[in-house]
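Here's the letter readout for the chains.
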Amino acid sequence: MKLHISTKIVIAVLILVTLVIGISSSLAFRFYRKALIDEMTAAGMQIAQTVVSGIHGGLMVNDRHAIRELIRAVGGQEGVAQVRLYDLGGEIRYSSVSGEEGTSFPMDNPTCRACHLAEGGPPSLEPRTRMYREKDGAASFLSVLDPIANEPGCSNAACHVHHGSRRALGLLEVIVPMERMERRVNTGKLHTALFGLASLLAITLILIVIARWLIITPVEKLVRATQRVAEGEWGRPISGAHQDELGDLIRSFNKMQENLEVSQRQLMLSEKLASVGKLAAGVAHEINNPLTGILTFAEDLLDESAPGDPRREDYEVIMREAIRCRNIVRNLLDFARQDELSVATVDMNDVIRRTVTLVRRLAQFQNCHIIEMLQGTLPLVKGDPGQLQQVFLNLLVNATEAMTEGGEIHIITRHLKGDPLVETVVADTGPGMEPDQIKRIFEPFYSTKHGKTQGLGLSVSWGIIEQHGGSMDVKSSVGEGTSFTVRLPIYWGKPPRPG
Amino acid sequence: MPDPIRILVVDDEEVVLLSVRKVFKGADFDMDTVQSPQLGLAMMESRRYDVVITDLMMPGMNGLEFLDKARQMDPGVRVIMITGYATMKTALQSMRRGAFDFLAKPFTKEELSTIVHRAIQHGPLEADAGSGGTVADAADAFAAGKVYTLRNHSWARLEANGMAYIGIEQDFLADMGEVKAVELPEIGETVSQGSGCSRLTGGDGRTYTLWCPLSGRVMEINPMAVSDPRRFGADGVDNWVFKIDPTSLETEIENLIP
Chain A
1 MKLHISTKIV IAVLILVTLV IGISSSLAFR FYRKALIDEM TAAGMQIAQT VVSGIHGGLM
61 VNDRHAIREL IRAVGGQEGV AQVRLYDLGG EIRYSSVSGE EGTSFPMDNP TCRACHLAEG
121 GPPSLEPRTR MYREKDGAAS FLSVLDPIAN EPGCSNAACH VHHGSRRALG LLEVIVPMER
181 MERRVNTGKL HTALFGLASL LAITLILIVI ARWLIITPVE KLVRATQRVA EGEWGRPISG
241 AHQDELGDLI RSFNKMQENL EVSQRQLMLS EKLASVGKLA AGVAHEINNP LTGILTFAED
301 LLDESAPGDP RREDYEVIMR EAIRCRNIVR NLLDFARQDE LSVATVDMND VIRRTVTLVR
361 RLAQFQNCHI IEMLQGTLPL VKGDPGQLQQ VFLNLLVNAT EAMTEGGEIH IITRHLKGDP
421 LVETVVADTG PGMEPDQIKR IFEPFYSTKH GKTQGLGLSV SWGIIEQHGG SMDVKSSVGE
481 GTSFTVRLPI YWGKPPRPG
Chain B
1 MPDPIRILVV DDEEVVLLSV RKVFKGADFD MDTVQSPQLG LAMMESRRYD VVITDLMMPG
61 MNGLEFLDKA RQMDPGVRVI MITGYATMKT ALQSMRRGAF DFLAKPFTKE ELSTIVHRAI
121 QHGPLEADAG SGGTVADAAD AFAAGKVYTL RNHSWARLEA NGMAYIGIEQ DFLADMGEVK
181 AVELPEIGET VSQGSGCSRL TGGDGRTYTL WCPLSGRVME INPMAVSDPR RFGADGVDNW
241 VFKIDPTSLE TEIENLIP
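First to last, the protein sequences are chains A and B.
Position 106, counted from 1, in the first sequence is what our numbering calls 106; the numbers after and before it change by one each time, with no gaps.
Position 140, counted from 1, in the second sequence is what our numbering calls 140; the numbers after and before it change by one each time, with no gaps.
Keep in mind that the hints were calculated from the coordinates and are not lab data.
Note that the structure is a prediction, hence the values are computed from the model and not measured.
Watch out, some of these pointers could steer you wrong.
Unchecked claim - Some chain B residues near chain A, calculated using beta-carbon distances under 7 Å: (1) Leu103; (2) Pro106; (3) Ile187.
Heads up, the beta-carbon is just placed ideally off N, CA and C, and yes, glycines get one too.
For reference, chain B alone in the conformation it holds in the complex (with noise of 0.2 Å):
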């Protein structure tokens, strides 16, 4: 039998911590929960967590300020925050300085362990990832076929006209295995950066959800995407998934990787 996947929750509210409880029981985890981002720390300090699942906002300490102390405590680290919904703009730049991922609160059991899964799925974390970088020149951050990623799960490539082609992050296919299904948004559908905007099945019938890089207007998808879902992870395969019209693409931008 493997090691138990070692998990730290951290959180001040009492009800969440029972429920991620609910979510990790059983021999294959081992959870320690705390109350506050110090005790956290004191946590790490004496033992080795493969995933910290933690709020973002929190009395004492912001959950980003805890994310950057943990990485310091432990590079290897796969940090999940977890956001009220409000708080979007500060779950992704805590994807820019290192995060493995987000989600907003409430979640379902389902979408939490989805996420934990991919976190241990994932191979081992990019070391400069938590550098982030910002636009150099702010001309050059809008020219055509610049990309700029939501780690983890998607990118975006600007278009000269104006429109952006959305795809999903490598690193997601692989955390997700084989992909079975993929769910797109309508045409014509609003998709709001950081939400889910595409749901993907994998081979373990898990239903992975893709958080979108920017915020915008469906106008095309890739009718490849939905047929054949299988050759997305294949090299040399432009896999954009839908095309849209950005809505608020110079505020938005500062929140991606470029």
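Bound-form chain A, shown alone (with noise of 0.2 Å):
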């Protein structure tokens, strides 16, 4: 079976707080019902000392009968069960509850054994106590055990009915009923359990919302995640980390897949221009025979005609339209080449000058004010000063095409210290791309100028950068402009021979 992480952490939490609970609850009952008894067993004494105090004088004058009510009067008192007066002969003598005196107690009973039996000497006079439960089992009690000493008042008394040997003379026991205590502390422990299952079924749902929102959420989007991953579906970061380590989990997810889209795009796209590279080939190969055999019979159509014959205008038409499927499968044939470079060690700086004096002839860059912001000593780049030339040259191309209304184009180039690559960057103050646009920008035949162009200049030169070893991406919002960024990794060998 499989249980959520969460779920196991609270299982485990719940079962710690329950032993916790149950051991402290259990202990301070001990402690609890220790204290009641105490407090029983000081008002028993007190009871049975102020019964002894009370029947002293019944006792010095052998009034029996105010003996008998002081202790009927006691043991019918609440809280008292019964008041027994016993004789040293074990026989009770007086007792709250009639018809119980004369009755005789052999010595091994448990009231007597308490303190005669169970330690060897003679017992000493000091009050005892000792709990015990009916024989039917329904009841429990505690009984004060108060030996009446015996006193130079009884022994030397006129009645001389007490020898002065004797130590003790009776004794009187006070039983009080438990029932009440027990009641309490049975209240106290069902109270106890209640408000133990309370705070448990509190802590189990505070422990789900804090592991829902601290683990669970953040472990299902990150499963989710991975999962759409798998199966191919990119791009949408997760959302609401927290500052703590399955955030950072998640933000290193979404860095990882962010990564991995931009890499996993330009494989496709490498892909995409092998095959659209491999298909062109393909393809103007099949198509320049059919094409040479429509081109001259067409033109030899109209070199045949007669000077006013109607037909020569759909036969130039014919011609002009052939020469144009030529010019298309040229230009793919071109797009399909991929020049070997012709490597150099370059200065960027070098580069980009040279094609900047190149483009500030041309009347298209009339409206636009280039400024040239190069870092002073550029580290060289190994590549083809030409191709590298003609990717700038196509960028600077497009950059005025899309200010119409002429416009700044900065070019920047900048190495930071410790990075591989050397940038260089080309941006303008146009009206900039929409997202669905930037993305296509570097696909073949994707063209933002309305079929004047057929889409491969940005794919040539994507092509171009990848062949060094660099890469090249885009940034563009509309309304702000577009700029593109070119990396290329240093070069860190022996400069080639001299070229």
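Since each chain comes alone in its own frame, lean on the hints to assemble the complex.
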């Protein structure tokens, strides 16, 4: 079974929280119960001592009635189950429960054993407590046993009932029901359990919300995005990255996707260029022979027709259009032909200066202000100066064609320290392009010049830069002009033979 | 009436043979057309031709091989290579190996007839034309003042600053007779090796297209070439027509005759 990582974390946290709550509340209850019992014990002792001092007078004068009345009165109070007074032989002499008086308990019953058998020697005269449960198990009780000490008043009394050597004369037992306390403890347990459950629920909910916000959503976004990329759907960056590790992952994923997209686009473009080139070469080759027939036959018809023949115009149209086909085919073949580079070491500033010198003479550049911003010293690049010049001439001509009303062309060369590339930017102040135009700008046969050209110029330029191991990209926005950036790798080796 | 001009056409494509027939019809021409180079050579065994027009790419034997064999059989024959535009480099090689000229398909009637006309007008072929020759010293190859020629068409003279002057071969001018007008590329335009870079109008009204020896960008035009084309044939005149900034000098120079 596949469990969400966040589910696993939530389950682990819940188990931990349950354990912590369980252990701590069980400890708390143990203390709570002990405190309650201590309190009950103290109260029981208090009652026992009250009874002992209450019956002191009665005992002294052997006022049986008064003793019985007091014991019954105390035993009938709320919070007291029973009060008994034993003699030394274990016989109940007085009890708050009628009919019990005269009953004897053998020494090994739990009440006596609490003091007599548990300790070897004679028991101390300190009061003791004992907890017990009724035989049917329904109710539990706390029994406080307070030995009544022999006093000089007792042994020296005129009646001489008690011998002076005795330490104790009897035992008072006050039995307190523990039911209320147990009920309080149980209610407390119930409340704590309910509270614990509620907190667990709340913690679960909070954890789920936090996990969803911090883990599940970003992870799901990442998973969906990777699936999209795996299925070949590119381009949508993941939004809403947090400032944490998953956020970093999302950001680097976006960056990766962006880089992949660029390189895939470049790859697709170069494949497209190559296949278009092959196709063009093949088509051009095949079409040359039939075009030869069309051209020469049409020309022959034209030559043979009489000067006033109305069909002459038709023949001329056939010839003209066939020649147009020939030019298209030749352009295609020029495009398809990957000229070998005649490689030299090139200073990009020289390439730009030569290109600019050339274009300044052209009529179409009269409206354009060309601003050169060339970095003082540039590392050399390895390339074909002629073909590189072709690329920049192409960019400059495109820029002037875009700026029919005139404008500025900025040409920037620069190299940042440590960068393996030299960058050349050609930026115009023309009307700019729409995003979907930008995407297709390097594609062969894509032209924004409405059929005036075949849309091969930038493809050829792109191919040349690619052949140089460089890259070319474009930035443009409508109303803000267009800039092309050409990056070429620096030449590190020794220059070739002087040429 | 003079003897008709004997032309042999070798091309595996029938439509090309038909087209060439359309160009050279009438009593002035005596034409044979064959569809394979082997048949072409067999025809040459039995007859002598003034001009042989052959495709460069044919099944069985390529145009260069055919050219060599044809010139062995008849050193004086003018061979015109018909080429696809994509095989320009092979066409230029054939020029080094003794072809009279070449023409890229598809061609017009006028283009082909002008070339054949020049072939017929041309004086005896240089005996050593087929040897071509190689650039002996690589460093020397780019020396200033060095001249390279595209046979029967044009020459390029290298300058110390990497530029090259382009001029018209004397043979070309001699073949066309009088030069009436010269049409040149514009400054900034690109010209490519083996393609037409200039159109000259001859005294006979024909338009002769000049193949460019090197690819490059036109930097300067010789104003005299346009204003006074008649002086072109004159001895002692430095008849360069335009100056280019060559784009692929190193690779292209191998296609030219030093």
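Checklist entry - For this structure, which hints from the list above don't hold up? => result Hint check: 1 fails alone, others pass.
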